[in-house]
Amino acid sequence: MSRATNGSGVAITRVERPARPSAVSNALVFGWRAVLKFKHVPEQLFDLVMTPIMFTLLFTFVFGGALAGSATDYLQYFLPGILVQTVAFNSVYSGMGLSTDLGKGLFDRFRSLPIWPLAPFAGLMVGDVLRHLIAGAIILTIGLLLGYRPENGVLGIVAGFGLLVAIGFGMGWVFIVLGLLIRTPTTVMTVGFTFLFPLVFASNVMVEPETMPGWLQAFVAVNPISLMATAMRGLLGGGATAAEVGLALLAPLVSTVVLAPTTLWLYLRR
Amino acid sequence: MNERPSPAASRLAAGATPAVSARGLTKRFGELVAVDGIDLEVPRGMIFAILGPNGAGKTTLMRMLATLAEPDTGEASIMGHDLVGEPDEVRGAIAMTGQFASLDEDLTGRENLVLLARLWGFRGRAARERADALLHEFDLAEAATRQVKAYSGGMRRRLDIAASLVVTPSVLFLDEPTTGLDPKARQGVWRMIRGLAEAGVTILLTTQYLEEADQLASRIAVIDHGRKIAEGTSRELKAATGSGFLHVTLGDPGQMHEVTRRLERMLRSQVQQSPEGGIVSTPVASAVEASEVVAALVAAGVDVSGFSMGSPSLEEVFFALTGEMGEADDTQGGDRT
Numbered sequence: 001m002s003r004a005t006n007g008s009g010v011a012i013t014r015v016e017r018p019a020r021p022s023a024v025s026n027a028l029v030f031g032w033r034a035v036l037k038f039k040h041v042p043e044q045l046f047d048l049v050m051t052p053i054m055f056t057l058l059f060t061f062v063f064g065g066a067l068a069g070s071a072t073d074y075l076q077y078f079l080p081g082i083l084v085q086t087v088a089f090n091s092v093y094s095g096m097g098l099s100t101d102l103g104k105g106l107f108d109r110f111r112s113l114p115i116w117p118l119a120p121f122a123g124l125m126v127g128d129v130l131r132h133l134i135a136g137a138i139i140l141t142i143g144l145l146l147g148y149r150p151e152n153g154v155l156g157i158v159a160g161f162g163l164l165v166a167i168g169f170g171m172g173w174v175f176i177v178l179g180l181l182i183r184t185p186t187t188v189m190t191v192g193f194t195f196l197f198p199l200v201f202a203s204n205v206m207v208e209p210e211t212m213p214g215w216l217q218a219f220v221a222v223n224p225i226s227l228m229a230t231a232m233r234g235l236l237g238g239g240a241t242a243a244e245v246g247l248a249l250l251a252p253l254v255s256t257v258v259l260a261p262t263t264l265w266l267y268l269r270r
Numbered sequence: 001m002n003e004r005p006s007p008a009a010s011r012l013a014a015g016a017t018p019a020v021s022a023r024g025l026t027k028r029f030g031e032l033v034a035v036d037g038i039d040l041e042v043p044r045g046m047i048f049a050i051l052g053p054n055g056a057g058k059t060t061l062m063r064m065l066a067t068l069a070e071p072d073t074g075e076a077s078i079m080g081h082d083l084v085g086e087p088d089e090v091r092g093a094i095a096m097t098g099q100f101a102s103l104d105e106d107l108t109g110r111e112n113l114v115l116l117a118r119l120w121g122f123r124g125r126a127a128r129e130r131a132d133a134l135l136h137e138f139d140l141a142e143a144a145t146r147q148v149k150a151y152s153g154g155m156r157r158r159l160d161i162a163a164s165l166v167v168t169p170s171v172l173f174l175d176e177p178t179t180g181l182d183p184k185a186r187q188g189v190w191r192m193i194r195g196l197a198e199a200g201v202t203i204l205l206t207t208q209y210l211e212e213a214d215q216l217a218s219r220i221a222v223i224d225h226g227r228k229i230a231e232g233t234s235r236e237l238k239a240a241t242g243s244g245f246l247h248v249t250l251g252d253p254g255q256m257h258e259v260t261r262r263l264e265r266m267l268r269s270q271v272q273q274s275p276e277g278g279i280v281s282t283p284v285a286s287a288v289e290a291s292e293v294v295a296a297l298v299a300a301g302v303d304v305s306g307f308s309m310g311s312p313s314l315e316e317v318f319f320a321l322t323g324e325m326g327e328a329d330d331t332q333g334g335d336r337t
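Residue numbers (UniProt numbering), protein chains in the order written: chain A, 1 to 270; chain B, 1 to 337.
Simulated from the structure, these hints should not be mistaken for lab results.
Beta carbons: idealized from backbone N, C-alpha and C, even for Gly.
Warning: the hint list may mix true and false statements.
[Said to hold, decoys possible] Partial selection, computed: residues in chain A whose CB lies under 10 Å from chain B: (1) R14; (2) P18; (3) S25; (4) D101.
[As the list claims (entries may be wrong)] Pairs of lysine-lysine residues, derived as DSSO-like cross-links and limited to a Cα-Cα distance of at most 30 Å, are as follows: (5) K39/A / K149/B; (6) K37/A / K238/B; (7) K104/A / K184/B.
[Stated by the list, open to error] Covered, in the sense of this in silico footprint (three residues per stretch, anywhere, with C-beta under 8 Å from a C-beta of chain A), are these stretches of chain B: (8) 98-108; (9) 258-266.
Make the full structure from the sequences, and use the hints.
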């Protein structure tokens, strides 16, 4: 180890590069960064859970009686849907975070390092999954307090949360791509919600589609959000078929297969 | 941590390949040719400055060399690794500190460095020790557990440079390392850069401060409008513009335009006017030529109230090369970014 001292008495020590870490190790480091963000920016958890709590309470007590006869009956229908909706909406924040990061020099540093190029995004996903699990747990707890009964028990809840993570993963790529394409975080949010609101409301998340016009029913039937909500109801409440779960997983799967390479291409385009 | 050859030894081995070698690098953004056919050769262990006004193409050139932007045409190698063909090898040999702090503002200084140390492959305790060593070296130990958003500009810049040194790079790119810093913080960064050069790191820096290039760099490339318009040591650049500048103070500032025309005719060189002091300045080849010029002006009836001759400052060199003052660029609204 050679040392050279500069005028200020600061010693610059030459340090060699250790053995190159694996792609997984790189990704986990970025996951650790996401966890640190929770520690340093706890207010993001507030954004994360307040909207779904509000939605759950408002829909249950304001519309519940009119839609399903009683608030408790409606909750039985609505709670699995609000879980899907929450994951979809929370993905928007992840895209905003990425857009903010890209606006600074931080990603230039990451890009000039000899690491797995997708690692920063894998790390974002780790943060997303944690967020979805936290938000999901809070909503489920509130649901249970209000009288929601998951008939399938603990196994059903575990399976449901597994589906939730898969949905979040697939949705995450959409907003990572938006975050890469759009350089203003607020525009990411506007575009994100413009795209998500019709998708979430024109689905079976809040009401059965029977009273909707035929053309809308046709859309609701193939809307991936509907497919996800249906599978979630089945997993938590009982009666889920393999076909339903498979259909719910289709959109996340397609999104990952198409958008992960797109992400890499957009990111490395220089 | 392995042994590396001492700086002296690496200088001896420098005959092999230069640290940075570029030929005809070009980058276009739509209509704008940001970098227009630049050749560059930086020997190992040198501090090399790229000097130019805002929007000259300095940052784009740097980003291409740091694998952040792909050249449209031309080729370059860093430590013998081809920029386009072997980007990963290049990334293993370089580090870049951009113009805007490349740090996570929400994390603490220490967490930022631990994050990078882990990405480089230091594990667990080794990563933390590497971070602490850097914090100590850069006089940031006391701020280690504070979030970066609470750092001052100087501290942020120090941490940003420290972040580039988690593994000692062979080549360090510094894009305008002292822009926006107060004079004291600037001196600190200069000391740090000299210390790194002593440790054998090749440093390529961009600057729009002529003084900075003059103070730090062994060689300077002057670029403007994406082209390299001159290169050499500070001394060579000064010599290239003639032996010095002649400054003539006019007793009657009303004669300024007439004198300017006369000088341009006589010397066929650019003349700079400073109307406030009634001074005209122009590069001259020698003291003899300067005295002839002054005599000719007096003979023509010009009211010369004083004259002086100075070795050109780098600023005057820059003026002579580009036809505009380097640091006056902002006030002229000449931002061409």
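Next item on the list: Compare the structure with the hints numbered earlier in the document and write down the numbers of the violated ones, lowest to highest.
Entry: Numbers 6, 9, in rising order.
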